[in-house]
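Visitor: Protein sequences appear in the order of chains A and B.
Each residue of the first sequence is one higher than the one before, starting from 1 at the first, in the working numbering.
Each residue of the second sequence is one higher than the one before, starting from 1 at the first, in the working numbering.
It is possible that some hints are incorrect.
Quick list of simulated restraints, FRET-style, between CB atoms [what the hints assert, rightly or not]:
(1) GLN644/B - ALA54/A: 30 to 38 Å
(2) SER66/A - LYS509/B: 20 to 28 Å
(3) VAL82/A - ARG753/B: 47 to 55 Å
(4) GLN710/B - LEU96/A: 57 to 65 Å
(5) ALA54/A - ARG544/B: 31 to 39 Å
(6) ALA30/B - LEU96/A: 54 to 62 Å
(7) ARG544/B - PRO46/A: 43 to 51 Å
(8) ARG544/B - VAL82/A: 46 to 54 Å
(9) GLY756/B - GLU81/A: 31 to 39 Å
(10) SER66/A - LEU410/B: 43 to 51 Å
Covered stretches of chain A, as calculated for chain B (at least 3 residues, CB under 8 Å) [stated by the list, open to error]:
(11) 49-56
(12) 135-144
Which chain B residues face chain A? A few, computed with CB under 7 Å, are given here [claimed, not checked]:
(13) ALA539
(14) PHE676
(15) LYS715
(16) ARG722
(17) ILE732
(18) VAL738
None of these hints come from the bench; they were simulated from the model.
Virtual Cβ for every residue (Gly too), placed ideally from N, Cα, C.
So you can see what is in the structure, the chains are spelled out below.
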Amino acid sequence: MNALRPDVSTPGGVRGDVLQYLSFILHGQEYAVDILRVQEIREWGPTTPIPNSAGFVRGVMNLRGSVVPVVDLRLRLGLPEVTYGAQTVVIVLRVLSPERDRIMGVVVDAVAEVHDLAPQAILPPPEVTAQGLEGFVLGLVDSKGQLLTILDFDRLLDTSLMLVDAAGPVSS
Amino acid sequence: MDLAEFLGPFFEESFEMIDHMEGDLLALEAGGAADAERIHSIFRVAHSVKGGAATLGLGEVAEYTHLLETLLDAIREGQRPMTEATVKALLGAVDVMRDLLLAARDARPANEAAKQQSLALLKQLMNGEAEPAMPESGTAPLPAMQATEDVAESDVPGSEATPATPVAPSAPPAQTAAPHRPLGPGWRIYYNPRQTLGTGGAEPLFILREVRSLGEVEVRLLDDALPRVEDLNPRQEYLAWEIIVHGDIPREAVEEIFAWVMDQAEVTIEPLPMSLSDEEGGSAQPAEAVDQPDSDVPPQAEPAFEAEVQDWPLEEAPEQAPAPSPAAAEAISPPALATPATTPPKEAAAPVSGSGRAAAKEGGSIRVGIEKVDAIIDLVGELVITQSMLGQFSEEVERDGFHIGMLQRLRDGLAQLERNTRELQENVMRIRMLPISVAFNRFPRMVHDVARQLGKEVELQIVGEHTELDKTVLEKIGDPLVHLVRNALDHGLEPPEVRRAQGKPEVGKLILQAYHKGGSIVIEIIDDGRGIDKERVLAKARERGLIGAEENLPEERIYDLIFLPGFSTAEKVSDLSGRGVGMDVVKSNIQALGGSLEVKSEQGRGTRIILRLPLTLSIMDGQLIVVGGQIFVLPLLSIVESLQLNPNNLARVAGRAEVYKLRDQYIPVIRLHEIFRLPQGQASERPLLVIVEGDGVQVGLMIDDLLGQQQVVIKSLETHFRKVEGLSGSTILGDGTVALILDIGGIFQLGRRLEGRRGGLA
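Between the sequences and the hints, there should be enough to build the whole structure, so can you do that?
Guide: In structure tokens form, the structure reads like this:
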């Protein structure tokens, strides 16, 4: 089994008035996701590409018998592509949509840590966000002097954006 | 003991038995022999349902079926003849039984009006009344009107001596069958088109639709005027409707709708009473009730029915069902009465009761024959033996080390394991297999009712109803089949006089046929009607711009046109098949199941619609192929042949579509890596061509390599991702990686679109 479990001292993500977020690194920046959405963290392994899917869709993988799509978060956010290394991991998340709950994997550079955050410490996203992040930020947090960006994966991983028109113009 | 856990199986079993009963009755009606066995089998259904219902405390069902059983018993004993009228009444009883059971299951009120009507009819038969099916006598004075105390003195069931004349003249017959008294504001409309079909030009359906736009409506079909089949004039409209519209609607609005049929049809519009006390007239026989409003109805008139049912002497009261005493019956009647007054009945005479039954069948359990379970237990036993053998072997290797002579034993063991696993898998799948008769069962009744409604004579023939298929597939083909059958009845088969004029037998033939072919089940719907008018279809398609004005299509493609969205030969729209659900929906439903649909038709001779469906949705025989370095799975069934591609045989037609000359045929070619935008594989200097067939069309798929064949377990891509064009799902291969399963129909479409794009760029 090549899955590593996040080190969570108290399962459930909530400890008193504190919310827990899993942070990860992407292009030198630290981002975070509600730990309750995280199912597991896996090493990167080869996926099966899906024809006519958007470039950021890495394909599908076998998650103990379930066929689960994997998205490269760098590409999704328009960051430069890198070769995957030993640190590269797939965070398996539960993604909610009006139709149904899905399980998906996102490829990130590395996982960082679990942050305990007070809800009031989370600031609403600024009017103007960095390019590529518009509408995908749930909030910003200053954690120990470091800026954490909490991402909205339900919008980032909207499957309606994941396919391209097969008969459309060929992108090179 | 908690009886609730028995309710589920009881309902399931009862619906199944009632289906059988219906089948038997229809056979009788079609002139089948009224032999003792058949009658006994009909009797047994009523008996079992009654017994079960009584045990489980379903009083209403038990009560009703008791009467039914008593009548059937009399018939079985030869005290009553099984007349045509009886069969008709019993068919009505089948509907009522279903409704009562559904009502009990879903904890909703039953259709009281229909039940009362049926009860009245049954009692009449029991008392030896002649021909209650005659148009006028259907609502004739009924014994139900007797005051309770009179009934107590009346005769035992089956006795010819019992007079059926009402003793309570204070309650006019018209009220008996309609305890349902809707209250205002609103209107009660009686509408009898009184026309000869096709001459008046007033389509009752349109009128009904119009009324519906006013507000909440309840519609009751009044078919009492329907004569017996042999007296039926197919051009004559026999049906009338009672429509109740709720809401604060001005009278003019209602009148406006009927304005242009007023001179021809019989229409009465009257306000709904604002309270029970000022209510006038009944609803059972609006023709009379409306013309000559009756005196106030004493609300006590209704309990007579309830009470009387239970008053029938229980000659063979089943041990488990304590017979309610008349006193008890009276005591429980009033609350029972309260229900119909507040809840509208659903259409009393709705011709098809399919929807309710379909819902019942969607239930989450399967009844499995014990032999199927035993087979699985045996296989598990063998699996355990194989496992312990392999376990022993590994211990041996651990102890003595591995030497090459042991390899054969290991291989044997693994071969045995593989065989066990496969057999187990097949047997487990078999549990989910049900005979197609489950889906076909509804058709005898539906065809019977619809044909009558249309004034057509139809003989339905069902072939291969024991063919088994997966429960999930079975549940999903019901609606498409209903649609196709209705279509055949409505548009396919001609009215008798047209058939006669064309030298065809007056009775049209409709065949439902199912059989296995390869790993698929094939269902055919065949009629010997007028066939599809190719010219009209083409004209329509041109008119809609679906095809070019000068474009000519081969025959199969013409028939495909009728499955296009937005294609409807509008002038033919009728109550039955023109209701918005188009053939395109049928086709997409079938395709969603991984099936295909083919139409063959000969004008004037008939139409044959062929559905091909997978036996199961979870396992498939697959051919592994390589395209652009990636492994895909091709459904083995779709493969016609594979061959080494000879580049000399490749050609482009008008610089667009690529074709391959195979023997004497040119076959369109799709380069899979192109439509999937994959890199061309290294092996593609010597590509292979796999000829696949789907929707009756053959296409060559250009691929890099063929690998092995294997059974694959289908995993939907939609669970965590979404539908991908050209793919029907995915599977997990032996090495744990995911392989995508190709969808032939989708690939054809992709290919066509790509071709169009190429043409556009050229």
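Visitor: For each hint, tell me whether it holds in the structure or not.
Guide: Outcome of the hint check:
1. The hint said 30 to 38 Å for the Cβ distance between GLN644/B and ALA54/A, and at roughly 36 Å that hint holds.
2. The hint said 20 to 28 Å for the Cβ distance between SER66/A and LYS509/B, and at roughly 49 Å that hint is violated.
3. Remark: the range hint 47 to 55 Å for VAL82/A to ARG753/B is contradicted by a beta-carbon distance near 35 Å.
4. A C-beta distance of roughly 36 Å is found between GLN710/B and LEU96/A, which places it outside the suggested range of 57 to 65 Å.
5. Our hint of 31 to 39 Å for ALA54/A and ARG544/B holds, since their Cβ atoms are close to 35 Å apart.
6. Checked against the given bound of 54 to 62 Å, the beta carbons of ALA30/B and LEU96/A, roughly 55 Å apart, stay inside it.
7. Between ARG544/B and PRO46/A the beta carbon distance is about 48 Å. The supplied range of 43 to 51 Å therefore holds.
8. Distance hint for ARG544/B and VAL82/A: a CB-CB separation of about 53 Å, consistent with the stated range 46 to 54 Å.
9. Between GLY756/B and GLU81/A the beta carbon distance is about 33 Å. The supplied range of 31 to 39 Å therefore holds.
10. Here the CB-CB span from SER66/A to LEU410/B is close to 32 Å, at odds with the stated 43 to 51 Å.
11. With 5 residues bearing a CB less than 8 Å from a CB of chain B, the region 49-56 of chain A meets the requirement of three and the coverage assertion stands.
12. Coverage of a stretch by a chain is defined here by at least three residues with a beta carbon nearer than 8 Å to that chain's beta carbons; for the region 135-144 of chain A and chain B the count is 0, and the condition is violated.
13. A hinted interface residue such as ALA539/B counts as satisfied when its beta carbon comes closer than 7 Å to some beta carbon of chain A; here the least separation is about 29 Å, so the hint is violated.
14. At about 3 Å, the closest approach between the beta carbon of PHE676/B and any beta carbon in chain A falls short of 7 Å, and the interface hint on this residue holds.
15. At its closest, the beta carbon of LYS715/B sits 5 Å from a beta carbon of chain A; the interface hint therefore holds under the 7 Å criterion.
16. A hinted interface residue such as ARG722/B counts as satisfied when its beta carbon comes closer than 7 Å to some beta carbon of chain A; here the least separation is about 5 Å, so the hint holds.
17. A cut of 7 Å between beta carbons decides the hint on ILE732/B: the least distance to chain A is about 5 Å, and the hint holds.
18. Below 7 Å, beta-carbon pairs count as interface contacts, and VAL738/B has one with chain A at about 4 Å; its hint therefore holds.
The structure is inconsistent with the numbered hints 2, 3, 4, 10, 12 and 13, although it conforms to all the rest.
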